[in-house]
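A.B. asks: Take the given structure of chain E and dock chain B to it, following the hints.
Protein chains: 2
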Amino acid sequence: MLYIVGLGLGDERDITVRGLEAVRSSHKVYVEAYTSLLSFGLSPHGLSKLEELYGKEVAVADRETVEERADAMLSEAADTDVAFLVVGDPFGATTHTDLVVRAKKRGLKVEVIHNASVMNAVGVCGLQLYRYGETISIPFFTDMWRPDSFYPKIQQNRRLGLHTLCLLDIRVKEPSLESLCRGKKCYEPPRYMTIHTAISELLEIEEMRGESAYSEESKCVGLARLGNKDQMVVAGSMKELLEVDFGAPLHCLVIVGETHPVEEEMLEFYAIK
Amino acid sequence: MLYIVGLGLGDERDITVRGLEAVRSSHKVYVEAYTSLLSFGLSPHGLSKLEELYGKEVAVADRETVEERADAMLSEAADTDVAFLVVGDPFGATTHTDLVVRAKKRGLKVEVIHNASVMNAVGVCGLQLYRYGETISIPFFTDMWRPDSFYPKIQQNRRLGLHTLCLLDIRVKEPSLESLCRGKKCYEPPRYMTIHTAISELLEIEEMRGESAYSEESKCVGLARLGNKDQMVVAGSMKELLEVDFGAPLHCLVIVGETHPVEEEMLEFYAIK
Numbered sequence: 001m002l003y004i005v006g007l008g009l010g011d012e013r014d015i016t017v018r019g020l021e022a023v024r025s026s027h028k029v030y031v032e033a034y035t036s037l038l039s040f041g042l043s044p045h046g047l048s049k050l051e052e053l054y055g056k057e058v059a060v061a062d063r064e065t066v067e068e069r070a071d072a073m074l075s076e077a078a079d080t081d082v083a084f085l086v087v088g089d090p091f092g093a094t095t096h097t098d099l100v101v102r103a104k105k106r107g108l109k110v111e112v113i114h115n116a117s118v119m120n121a122v123g124v125c126g127l128q129l130y131r132y133g134e135t136i137s138i139p140f141f142t143d144m145w146r147p148d149s150f151y152p153k154i155q156q157n158r159r160l161g162l163h164t165l166c167l168l169d170i171r172v173k174e175p176s177l178e179s180l181c182r183g184k185k186c187y188e189p190p191r192y193m194t195i196h197t198a199i200s201e202l203l204e205i206e207e208m209r210g211e212s213a214y215s216e217e218s219k220c221v222g223l224a225r226l227g228n229k230d231q232m233v234v235a236g237s238m239k240e241l242l243e244v245d246f247g248a249p250l251h252c253l254v255i256v257g258e259t260h261p262v263e264e265e266m267l268e269f270y271a272i273k
Numbered sequence: 001m002l003y004i005v006g007l008g009l010g011d012e013r014d015i016t017v018r019g020l021e022a023v024r025s026s027h028k029v030y031v032e033a034y035t036s037l038l039s040f041g042l043s044p045h046g047l048s049k050l051e052e053l054y055g056k057e058v059a060v061a062d063r064e065t066v067e068e069r070a071d072a073m074l075s076e077a078a079d080t081d082v083a084f085l086v087v088g089d090p091f092g093a094t095t096h097t098d099l100v101v102r103a104k105k106r107g108l109k110v111e112v113i114h115n116a117s118v119m120n121a122v123g124v125c126g127l128q129l130y131r132y133g134e135t136i137s138i139p140f141f142t143d144m145w146r147p148d149s150f151y152p153k154i155q156q157n158r159r160l161g162l163h164t165l166c167l168l169d170i171r172v173k174e175p176s177l178e179s180l181c182r183g184k185k186c187y188e189p190p191r192y193m194t195i196h197t198a199i200s201e202l203l204e205i206e207e208m209r210g211e212s213a214y215s216e217e218s219k220c221v222g223l224a225r226l227g228n229k230d231q232m233v234v235a236g237s238m239k240e241l242l243e244v245d246f247g248a249p250l251h252c253l254v255i256v257g258e259t260h261p262v263e264e265e266m267l268e269f270y271a272i273k
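Quick note, the sequences are listed as chains E and B, same order. Going letter by letter, the first sequence gives residues 1 to 273 in the UniProt record's numbering. Going letter by letter, the second sequence gives residues 1 to 273 in the UniProt record's numbering.
Possibly wrong hints are sitting among the right ones.
List of simulated lysine-lysine pairs, DSS-like, C-alpha gap at most 27 Å [claimed, not checked]:
(1) LYS229/E <-> LYS56/E
(2) LYS229/B <-> LYS109/E
(3) LYS219/B <-> LYS105/E
Honestly, the hints are just simulated from the structure, not real lab data.
Chain E on its own, in the form it takes in the complex (with noise of 0.2 Å):
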């Protein structure tokens, strides 16, 4: 059997009843490492939070691990039980979807245990969740690479009214560019995407293109921490929010459309005053 369990957006106890049996139960235990596990205490080699609360040893799989092993991982779900777990919900990202269909093409029993992500999570800032349109995605610029396919989605949301969750790039265990030349594999440190940084790199994709889908006097609501003890929301302006000092990741933002009237509501406690 493989359970693949999410855990959640804040830390160890944010993983359900049933996620924390199956765990319990199960032989083997991976976490996934390679979108975030900040609030997870989690360590290569110390005892990480996770570890007390499950009291059995959990092995950190990496974006190669999962990747390049997942063969080695499913054919000891084929005679034991397993426990994969993902911080957020099982299917934020495309990965995961993929690990299922190769589970089940081997005929394996997967058990999927569903726990918030920032998805439904975001719904704390008061936008009510079903006047979302296409959520977008926001990659760091490298000096060669400035993709903008994220501007035509913004435009045609506002458009239709609706808001725009951009989630912001993370890059964790990227391979260097200079280790890649040589050959032999040295990483990169961990980046997590700023605030500041997705509405500097929005504000100048507007200027490029002039389509006026947006501009520095748009309402956003800037989300950090979303699910931890000491999470922030602000709302404001582009250009009110690139003031704000938001602290440590993860950060996503949140592109205000048309509001109704309790959406207002929510939006003034979290206005900068």
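C.D. replies: Below, chain B alone, put in the same frame as chain E:
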């Protein structure tokens, strides 16, 4: 302190460890009963599965309690710890946003404990969450009332190649027309829209409007009892899904947009054989 705790989608064991701690430490526990508590073993009188797990009494707060008596509940939360439990995630419905606004206006401390909701758990069917457009709600038609405001939204989503999540109507504790006329309250039995009814209504509207937003050949995914042990996921055309018995509620429906290869692989697993 007011805790607003998401219960998730399956049964009493889908609460998070953090949520369970909040409930156990609270002086008073309410559970909101006007969306769905089908699988949580809650009866108006008997001891529920929730109460067994929590080791304390749970008061059922139906729509009237929440809307009419919110102030009394918030007064309690000013003096002691109160937990308000919600099926799914706390921000699936507007009502809870309103409760947070009221609590914050009174200067109360509010802690939201997130969980899975249909808005992210629907990812289990393999269609990527960031490729959904605006979510729609399909209401029960009556003889006099056959609203089709969802139609242009589906049309829009499909034009953009996006998937459409259709939430199906739930009628719990609706005053009967007869009782309203007689001036005393008495309620209709609960009604939960099936995938069959939803598709029939969709096709009726398409026939009336004739703008080819979709047809009986349009690919869909029907999901029943999402997050439960006996959850059912079937992919097929509207016409095909009309022939499927999805069993007990709750049901929801996805109208599929343009698909990527990994999405298609997953849909194949769920296709009608």
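A.B. asks: LYS219/B and LYS105/E were given as a pair; does the straight-line alpha-carbon distance stay at or below 27 Å?
C.D. replies: Roughly 23 Å separates the two Cα atoms, so the pair holds.
A.B. asks: Would the hint linking LYS229/B and LYS109/E be met if the CA-CA limit is 27 Å?
C.D. replies: 13 Å, holds
A.B. asks: When you check the alpha-carbon spacing of LYS229/E and LYS56/E, does it fall within 27 Å?
C.D. replies: Distance ~26 Å between LYS229/E and LYS56/E Cα, so the pair holds.
In this structure, none of the earlier numbered hints is contradicted; all agree with it.
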